[in-house]
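If you're matching them up, the sequences are chains L and Z in order. Each residue of the first sequence is one higher than the last, beginning at 1 in full-length UniProt numbering. Each residue of the second sequence is one higher than the last, beginning at 1 in full-length UniProt numbering.
Simulated from the structure, these hints should not be mistaken for laboratory data. Please note that a few of the clues may not be correct.
Since copy identity is lost for identical chains, a pair holds within one copy or between any two.
With a Cα cut of at most 25 Å, we get these calculated BS3-like pairs of lysine-lysine [as the list claims (entries may be wrong)]: (1) Lys134 to Lys156; (2) Lys123 to Lys156; (3) Lys206 to Lys108; (4) Lys130 to Lys206; (5) Lys148 to Lys130; (6) Lys134 to Lys108; (7) Lys141 to Lys235.
Everything numeric in this text was worked out from a predicted model, so none of it was measured.
The lines below spell out each chain.
Protein chains: 2
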Amino acid sequence: MDTIRHHENSILHKEEHLTSSAFITDIVIGMSDGLTVPFALAAGLSGAVDSNALVVTAGIAEIVAGSIAMGLGGFLAGQTEVEHYDAEQKREYWEIENLRQREIDETKEIFAEMGLSPELQEKVTQEIAKDKNKWVEFMMKYELGLEKPDPNQARKSALTIGISYAFGGMVPLLPYFFTSTPFEGLIWSAVTTLICLFIFGYFKSKATGQHPWLGALKVTLIGAVAAAAAFGVAKLFE
Amino acid sequence: MDTIRHHENSILHKEEHLTSSAFITDIVIGMSDGLTVPFALAAGLSGAVDSNALVVTAGIAEIVAGSIAMGLGGFLAGQTEVEHYDAEQKREYWEIENLRQREIDETKEIFAEMGLSPELQEKVTQEIAKDKNKWVEFMMKYELGLEKPDPNQARKSALTIGISYAFGGMVPLLPYFFTSTPFEGLIWSAVTTLICLFIFGYFKSKATGQHPWLGALKVTLIGAVAAAAAFGVAKLFE
């Protein structure tokens, strides 16, 4: 699930200045992950144990583990990102003072890659280099590819995703509370979770500009395959 | 864990042209995630059940679920990323043909944001707009923030991360094979896993340019907190 996250985020990030949309996106991401892994775990156990209480206990443990790993992990990673940006920024200021010619060459190089003629590279670089703050900002963005991180956004996102993961994880687990055998629980769990995965996949794909029905199918498929595989493997270890 | 991934990837990505280093990074990422969640799940169950076989079954089911969600999810997300790039590229070519003036204004706008004077904005834009392919490439990168995705890298990464997750997950689980009570298993699992998390945290932080000891501590802390919380909550549901 992490790799999906990464790709989606690289698309989603562009819109993250719309805070409310980022919030909704975080909820959708957390929920669809939360739906997938606890669902597959519960399905796997259903093939191997005969007590609903055990499935529920394991599911709860997984939800707690997963949402803490996501929430706390994201929180700490958010701090690290801010520190990383500040350190690189300080280094750029230092380089502009002390290795001015090298920085000028690097700036020219960036414009050369854009396809500018040597003459314009020269002129543009001279203009950029006039204002120290603007120059550093330019190097941060175009040499290092770093945008100034909002010190709160990453943490807010992490918490939203962590909490949504926990809520999402309850969907596949709840049927095991209200049924008497793991098999019965599994049936209801699969029905409700696959429907929810499809709905979330639809909105997630819409938010990232993908084809919504195809995206919904993919998300549902991942959940179904993960659950089927977990079921099969757990049966072997029964 | 997903949010960590996302932040780390935004840093790691810059170095991804070094394929061998990307490969090692993927292994480290998959393993440290695989160490965390199955560890916490097994720890949680150790507080609630009295059979090692159950802990092992649940752990295996989680590993299968998690690595499929990661591997297959990443594989499909990689395809989507390539499709997304191609669609946007096609749109840019169309816009350059049919909405030329708007595209010229957008290009100027990009240079205005870099801090160039109106005169140079004009000149630079004229030069960029001469070569259609270069112009589209420029718009893809600087207007949309999209780099041409390597059609294979995302999938390769996803598979490497998925497989590493599975291997990482075996570390916290193996002690339960060789001990007779879940409590005994938990002790050995915690010792070996926390050591491994510390080592992986160290290398992961080094690879992303973070402070290695501090990073190692953070990664270990996340694992420990997740395991302790899962243990506590599962005890309530015992």
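We went through each hint and held it up to the structure:
1. Taking the shortest Cα distances, Lys134 and Lys156 never come within 25 Å of each other, neither inside one copy (29 Å) nor across copies (38 Å).
2. When the C-alpha separation of Lys123 and Lys156 is checked against a cutoff of 25 Å, the pair qualifies neither within a copy, at 42 Å, nor between copies, at 43 Å.
3. Taking the shortest Cα distances, Lys206 and Lys108 never come within 25 Å of each other, neither inside one copy (39 Å) nor across copies (30 Å).
4. Within a single copy, Lys130 and Lys206 get their C-alpha atoms no closer than 43 Å, and across copies no closer than 35 Å, so neither meets the 25 Å cut-off.
5. In this assembly of identical chains, the alpha carbons of Lys148 and Lys130 lie at most 25 Å apart only when taken from the same copy (21 Å versus 32 Å across copies).
6. When the C-alpha separation of Lys134 and Lys108 is checked against a cutoff of 25 Å, the pair qualifies both within a copy, at 15 Å, and between copies, at 17 Å.
7. In this assembly of identical chains, the alpha carbons of Lys141 and Lys235 never lie at most 25 Å apart, being 52 Å within a copy and 49 Å across copies at closest.
Violated hints, listed in ascending order, are 1, 2, 3, 4, 7; each of the other numbered hints is respected by the structure.
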